Amino acid sequence: MLPMEAPEQFSYSGEEGLPQKWWTSFEDERLNELVEQALDSNFNLLAAWQRFQAAEAVVDRESSFLLPNVEAFFSAGRSYPEPDFRGGENQQIGLSAVYEVDLWGRIRSAVQAERYRAEATQSDYQAAAITLSAEITRTWYQLMAAWRRLELTQQQIETNENILKLIVARFGSGQIRGVDILRQKQLVEATREQQIFTESQIQVLEHQLSILLGSPPQQEIVYTPDSLPPPPPLPATGVPTELIRRRPDVRSAFYVLNAADRDVASAISARYPRLTLDLSSAARSNETDDIFKNWAYSLGGNLVAPLFYGGRLNAEVDRTEAVKQQLLYEYGQTVLVAFQEVEDALIQERKQQERLQVLEEQVRLARQANDQLRVEYFNGLSDYLAVLTAIDQEQQLQRDLITAKLTLLDYRISLYRALAGGFEMERDNMARVPEESDD
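For the sequence shown, full-length UniProt numbering assigns the number 1 to the initial residue and increments by one for each residue that follows.
Think of the hints as simulated: they come from the structure by calculation, not from any bench.
One thing to keep in mind: the hints can contain errors.
The calculated EDC-like cross-link candidates involving lysine to aspartate or glutamate, where the alpha carbons are at most 20 angstroms apart (straight line), are [to be verified]:
no.: 1; residue 1: 21; residue 2: 161
no.: 2; residue 1: 21; residue 2: 8
no.: 3; residue 1: 21; residue 2: 424
no.: 4; residue 1: 21; residue 2: 392
no.: 5; residue 1: 21; residue 2: 199
no.: 6; residue 1: 21; residue 2: 158
no.: 7; residue 1: 165; residue 2: 383
no.: 8; residue 1: 185; residue 2: 392
no.: 9; residue 1: 165; residue 2: 376
no.: 10; residue 1: 351; residue 2: 341
no.: 11; residue 1: 351; residue 2: 361
no.: 12; residue 1: 185; residue 2: 161
no.: 13; residue 1: 185; residue 2: 158
no.: 14; residue 1: 165; residue 2: 361
no.: 15; residue 1: 351; residue 2: 400
no.: 16; residue 1: 324; residue 2: 392
no.: 17; residue 1: 21; residue 2: 33
no.: 18; residue 1: 21; residue 2: 5
no.: 19; residue 1: 324; residue 2: 261
no.: 20; residue 1: 165; residue 2: 321
no.: 21; residue 1: 165; residue 2: 189
no.: 22; residue 1: 185; residue 2: 383
All of these numbers come straight from a predicted model, not from anything done at the bench.
Start from the sequences, fold in the hints, and give me the full structure.
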């Protein structure tokens, strides 16, 4: 049920199958451990699970209206004066039952609506788990990239300091201007500023990772900095209609739409008569030993038909119809966004790979230009400003290259998140959305 026609296929597709636990595609054991820990202890995810538990309880509550309400009662008292009751005591015991016959399916429709809402909440929980796994993976590789930038910056500081020493040594012989020394010192300090900034980034990312794991930011995370891996082989995207069935957020929107449809049915049924059956049985005695000897029974029925409610019932039908139509359009928008996220991630990754190749070539050319300008400078064939510009450009390109590799991984993570379906976790085995009865 779509308000638009789904495309037949996506623009690109790989051949690798996409595992349910998509992050395992990176073959990073420490990452796997972190994601599993987050899925078990992240507070936002635990809150989403409790929302699902609450929705299940609502299904149980609404289902109870399909059954009779049975009550037992007992009363005892003494009367003064005592002309009518021997001993002045009066004791009563009994049972009563009330049952609404669901003639038009009003109650059943309400139960079905809540069941669909519970399924939507379960899908929301699965979507939250996918989002959490993506946040953990993204933060993990941001942390690895920050460590790589820190290592690179430390190497650049060492390189710039060595060049400074060489310039200072040549300054004594009158071959170097004083301004060249000042410029090189400024480059050293600028590189140190990059180091301080990167160290700050590392600590912030560690705090962020701790929070995602359900731990205080002061909690130390044990890990070994590593280089950024290349993206795994491109996964098979499948066809768009499969994505609709697979993505939890799309399923959630579909379940909410179905719940609205059942709300319409319930609102229509509320305009029809209601039949209620009452059954009661009671015994009364002045003596406790005789209380179960004399029973009286009563069976009755009530048929109540709405005649005039000032248009309230029809207005409720109109409201539920409008909500259903609204949710149909929102479902269609959710599907379109799901298609867009896959297409965006595919084209972004493809173009980022091209950009990465261009950046690598720029780094190679900048290194050659830097080496050549340094030789010319020390031979008196070039001024130091050209050398300084070349050094700064090469070092900036090296940092940009790390960022570009991280961006490529980020696009792959976005693709996995856009394609991912729900994956089973240990607490999922406790999920219980009651099945619809055939009665």
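Just pull the numbers of the violated hints for me, sorted ascending.
The structure conflicts with hints 1, 2, 4, 5, 6, 14, 16, 18 and 20, although it agrees with all the remaining ones.
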